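> Listed here are the chains, written in short residue letters.
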Amino acid sequence: MDDRPHKAHRAAQSGGKAVKKDKGKEKQKGNNEKAFAPKSGRKAERQGRRNAERDQTRLHVPLVNRTPDEFPPPIIVAVVGPSGVGKSTLVKSLVRRYTKQTLNEIKGPVTVVSGKKRRLTFIECNNDLNSMIDIGKVADLVLLMIDGSFGFEMEQFEFLNILQSHGFPKVIGVLTHLDLIRKQATLRATKKTLKKRFWTEIYQGAKLFYLSGVLNGRYPDNEIQNLSRFISVMKFRPLVFRNTHPYMLVDRFEDLTPREEIRTSKGSCDRTVTVYGYLCGTNLRNGMKIHIPGVNDLSVKSISKLGDPCPLPNTESEKRRKLSEKKKLLVHAPMSDVGGVIYDKDAVYVNVPGNFTKGNDGAAHGEGEEMVIRLQDAEDTLDQAVARSQIRLFGSSSKELRVAGPSTLAEDEEEDEDDILDDDDEDEEGADEDDDVSELGDEEDESEDDEDEADDMDNDDRLPSSSASLGGGRTIKRQRQRGTPSASSLGQAGVDFADSDSDLGGDDDDDDGGRWARDMDGEDNADIPSDDDDAQSEDEQSMPRWKANLASKAASAFDSHVGRKRRKNWVSLIYSSPLTPTQIVSGADSARDGDDDDASDDELFKIKRPATLDSDEQWDMSKDAPDDVKSDRWEDEEFLDSFRRLFITGGSSSGQQLEDGDESAAEGDFEDLEAADGDVEAGGADEMDAGSGDAATALAAKKEALKRKFDEQYDDPETSKVDFYDEKKEEMAQQLQLNKAELEGVDEETRALVEGYRPGSYVRIELESVPCELVENFDPTYPIIVGGLLPSEERFGLVQVRIKRHRWFGKPLKTNDPLVISMGWRRFQTVPIYSLDDHSIRMRMLKYTPEHMHCYATFYGPVSVPNTGFCAFNNISDATKGFRITATGVVLDIDRSTSIVKKIKLTGVPMKVFKNTAFVKDMFNSALEVAKFEGANIRTVSGIRGQVKKALAKPDGAFRATFEDKVLMSDIIFLRAWYSIQPRKFYNPVTSLLLSDKGSWSGMRLTGQVRRDEGLKTPLNSNSAYRKVERPGRRFNPLKIPKKLQAALPYSSKPKLMKAQHRQTYAQKRAVILEPEEKKAVALLQQIRALRKDQVARRKDKQEERRSAHRKKVAKEEEKRMDKKKEERKEYMRAAGLKTKRAAEREEGRTSKRRKTQS
Amino acid sequence: MADKNIAKYSGHQHFRHRLVLSFLSGKPVLIDGIRSEDKNPGLRDYEVNVLRLLEKITNGTVIEIGYTGTSILLRPGVISGGNVTHDCPLSRSIGYFLEPVIMLAPFAKKPLHLTIRGITTDDRDLSVDTLRTVTLPHLEPFGISDGLELKIKKRGAAPLGGGEVHFLCPVVKQVKTLNFVDPGRIKRIRGIAHAVRVSPQISNRMIDTSRSILNRFIPDLYLISDVYKGEDSGKSPGYALSLVAESTTGALHCSEAVSVPGGVPEDVAIAASRSLLARIKRGGCVDRQHQILVLLMMVLGSEDIGRCRMGEPTERTVQFLRDVRDFFGTSFNIRPAEPSNPDCDEQIFSCLGTGYVNANRTLG
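Quick mapping for you: the protein sequence lines, in order, are chains A and B.
Take the first sequence: its letters are residues 1 to 1159, numbered as in full-length UniProt numbering.
Take the second sequence: its letters are residues 1 to 364, numbered as in full-length UniProt numbering.
Note that these hints are calculated values from the structure, not bench results.
This one's a predicted model, so the numbers in the text were calculated from it and none came from an experiment.
Ideal Cβ positions, reconstructed from N, Cα and C, are used throughout, including at glycine.
Hints may contain errors.
As the list claims (entries may be wrong) - Subject to a maximum C-alpha distance of 30 Å in a straight line, what follows is the list of computed DSS-like cross-link-like pairs (lysine-lysine):
hint : chain 1 : residue 1 : chain 2 : residue 2
1    : B       : Lys176    : A       : Lys289
2    : A       : Lys117    : A       : Lys170
3    : B       : Lys176    : A       : Lys623
4    : A       : Lys985    : B       : Lys110
5    : A       : Lys998    : A       : Lys266
6    : B       : Lys110    : A       : Lys903
7    : B       : Lys110    : A       : Lys289
8    : A       : Lys729    : B       : Lys173
9    : B       : Lys176    : A       : Lys709
10   : A       : Lys1139   : A       : Lys195
11   : A       : Lys1017   : B       : Lys110
12   : B       : Lys8      : A       : Lys289
13   : B       : Lys56     : A       : Lys902
14   : B       : Lys154    : A       : Lys623
15   : B       : Lys173    : A       : Lys740
16   : A       : Lys728    : B       : Lys173
17   : A       : Lys195    : A       : Lys881
18   : A       : Lys623    : B       : Lys39
Said to hold, decoys possible - Over 10 Å on every C-beta distance to chain B, these chain A residues come out as not near it, computed from the model:
hint : residue
19   : Ala18
20   : Ala44
21   : Arg285
22   : Leu330
23   : Phe643
24   : Thr907
25   : Arg984
26   : Tyr1066
27   : Asp1094
28   : Asp1123
Same shape as in the complex, but just chain A (with noise of 0.2 Å):
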């Protein structure tokens, strides 16, 4: 009966109860002003001067970010962590929460949508250091994982270190392994001292979360659910390097090499890789060069945008708050299996469980196994589909395409591809090629048709990219013959002008964006000028008449066009056309005015003629050629008041100018009445002029502005006042907006040219000669990274850095010693040389890095921007034990010399000496070198100073100079110098990803190194070698002083030598012999000293005994005590046996690496 469990308390839901229950909670809503009102002045101070502080603490260095708002990349989400800790698990776990789907084996990253406006990128860092470093570059956040039954370990620490010299992301450190921990009091204790660690290497109170045990493979669900809640709702602060920079971290790899040339070359030729992925940071420029850390620089062959293959809800879904279900189950994985379908570098596996045949319909089918299904579906070829196809070039065509002959085949094929494309992207462009096929003719000129040429040549270019759009963000290869220019005879020309529609892109500026049919390839077409409408005329005509009249009737086609006024594309121009500078502008003065006509005409039809020709009147100037300044329209009043609205005195033209400020038309005003009174009146008639409808409208505006300007200053003058951060904030707030509102409503094309592509937008990049290795020994677990380089970025130099040894590195590093460095995007093996500086005076040389103190290193290598972190390796190779970051540091300077210096003593010895002169030999070789050092400070090991005179005329070096005193023939003279050294123009990249084996990069060893592990001796120099010192004892002559002088000195002075007495004295002389008495006394004396001895030696015999007899007993207890503890030994022994077999059950055979840490 007691120990039936006690009904729960349930609380009233209505009634009185409830009532004032609520009533109560009422109450407490709200922030009650007076119960925290200060009581005391200080108080109140206090207080004041927290919250002032709070305010200060929440302020950071404004920062504009650089990733869209409306499209962002996914965040990079990166699982990071020692081997068997549970990466992979917390990555599968991850994925199924957000997708409902569970991936067998991931490899690579996996994209999913994980809220209305954020997608994750989640990446598992494997336990290579490479990897580490390369994730630690581009993750967003990090979740830390910690086997909480082992602890930390180094691998965790050295990633938090690389982490900080490259940019803190945000960190979660996650604990997993709980379960192991049987006892409750240890699991509090684990977690309270792995928290206090955790907290110390992040900042105090970083997120730490507990995964207890695995259920099923995965982590329990609400615990993923409470990690994904956090990771949902993250804030990201932009980091400077990667606002800077853009990258991409690949998450599909494919090799484009032809297969032939594989084939042949065995495998080993460059190859052409394309790699996809969303890009982050900045934007990808045209031209920009990149870097593939583990590979090396690599140049972009080209890129295009293609769909989004995650993409994010749109505005149809945008209504609700929460993601719908079905959005749930996109998922971006190529490398893994998603859907039973793994994209492998150059193949694509469908994985079929089981086995399946095509009848059952009912039954659900994944992707892999529907594509396989569809393919069986198949009835015929793809020619035939081609031949029976009705394909229409346009909408409104009436009869289909038909395939002719096999040398028509590949240009009408392309057109379809062009115009399907058209059509799928935008229904709209369609319709814009038909309205420009009935302009067909009548708007054209030369420039045109060398833009119809540059943009087709273009479209070819973009042609892969349009069709990889299409489907879906894969390539279709596809073989297009091209029909060679020469093959298809001139005559045909004629043909392909009227083929060629042109957009008027010149005439109407907005748009820009119009597609242009393929024209002739032909270089040489590109100077012919043609007219759709005389081309057509002369289809048939042979050449050379067709060519006669070329000119003449160019001509006059553009003397049709001259009388109307027409605006130029200086984009296209500029950018696409093959004309001079010189054709530019002056084209744009006859079309201007129609005076100088036959000029400029005859002018557009010389760009053959080499413009070096006439070189001789060509002045590279500054000086544009004078404005005509002789004519007579400046005496013209009408002419000069034409302009007159450009000066403040020309009255109002516009209301805009209202705005910029009534004291500057003050301002104007007064200084009107000084001016003659004829101006006046004119620039009266101009405002009177302006228009009385508008002058009403402008005077309200006028008003309105001074009334706004008038309540801030006089309602509250303290909002109009802002501090600097808020003006920061603003003026980046307002640049974002303008950069958006620029490139409004520009195409595409346009927009990839003017900006490049934007972060958020997933491309693929393809790269020219790429190593094969990188093909061949691809692995999807080492992640590949593509980071962009800044101009200055590609350039080598040497890089000074402040530099400081890591204080987990047991040894100080030596000047000249290899070094691998991780800066930028790079990881490259270079020679540092240490220094510190000198009193300002110079730079001197360290042979080893000082204790616990920054210096200076300077290196040759690619140059990073000043103020690039960077950490440095001594060995990157898995197999190191211990702490392997070395030094860490940043950026100070770029330069293409130094000025480190090392001492250097030049020493010599006298050759003669005289008072304070001395002729000083060996110092030098020759006499000009003693020109060199003429006037410098020397000095004798003794410390007497002197200063090089002049050489002298033999022996050739050796040379004249002055002491401060007499130096000793036996003195050795020292000259201090400096001598300048360069470092070693070494630089190796770490091309980790080159190798089968990833993790077994080495670079350029050490000489000690080498011999070590070739087995040779150090050469052993002679020189070298230790000998015992023989030095011939130094006789010092006795000091005699003159009989004259020792009389003369004081007796204080005088030397006081006496002999040693060689005769005995007295006393030695005479023998001994005792009284009786004494006798006794003696031997009395003698008896008791006896006594005495024999007394102290049995009282140590017995303390021996004593002493023997407690040793032994210590001895047997100490015996025990051994026994019992070898016990003990054993069975905790037995006990981690145990545990290490189950961990190694559990990792499936995985070699697990720990090593302890130190600290």
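Add chain B to chain A, keeping to what the hints say.
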């Protein structure tokens, strides 16, 4: 790898801005066919001299001039700045040499203090007055202003020169993004008339003539007569007038006219004043001769859209825009400033800055 990265050009035109772009972007540049068809082929003395000047203000620059002098390969080093003294040949004036230096100096390692001697005013290049009153203020909206100074110590007219100019330029970390689309209206005109080794009356005559033309447009007109005497007036006689018009928003337009032998000062004044009016009429926020400078600074700005309204691009500008694309990969978007107004030739140039950071600058 290195060879692929070289920018290649031919011809002697646009020599200086190609060198400047090479130094700023770090890309080597190969220019060949320099007057190869000419009777007197190869580089001229002033071009060699400008190379020498650029070598002085940089560190680690390698210049290889071909055997015939018709080709040159420049591998740019680091722009170092510091104290530099340079003597110009008498074939070009100081403006020719100072223009590229003005483009480079803000991105040097140390502030530049350049002492340069030669002809201060001639009819081919910008005179030192224009450089001081127009070119340097054009850098101000980009955040290069504190310590930017041009001191004219001595003047030197055309054939023999003898002038001396001190150019001081501070170092910046990054230039600001320009957003300058409102040309405003001209609010004041300033001018400097100088006459060296001729009667001082001449400058007053120029001022009077110019006043008579310009006064009808604006009353805020100050023309000063800048007199240099004795040692400071150079070795040859000459006189010139340079005019600057400033708008309410700070847009500058300038003109200049130089004496010709046998001419009268009134003609010089008329030429300068009328050409100033012509420039004002062309419109834009930036003076015609300084389009390149402004566009370069826009390219080097932070990764934001910079906008500037200008008159029609000149030939130099067109070629410069093409070269910028080769060196920095930046293309400009050029659209008419007033699409509804067919008479308006002004264009709005906008581009996304490259986010160029002065990597030469020393930290701490």
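> Which of the listed hints are broken here?
When the structure is compared with the hints, numbers 11, 21, 23 turn out to be violated.
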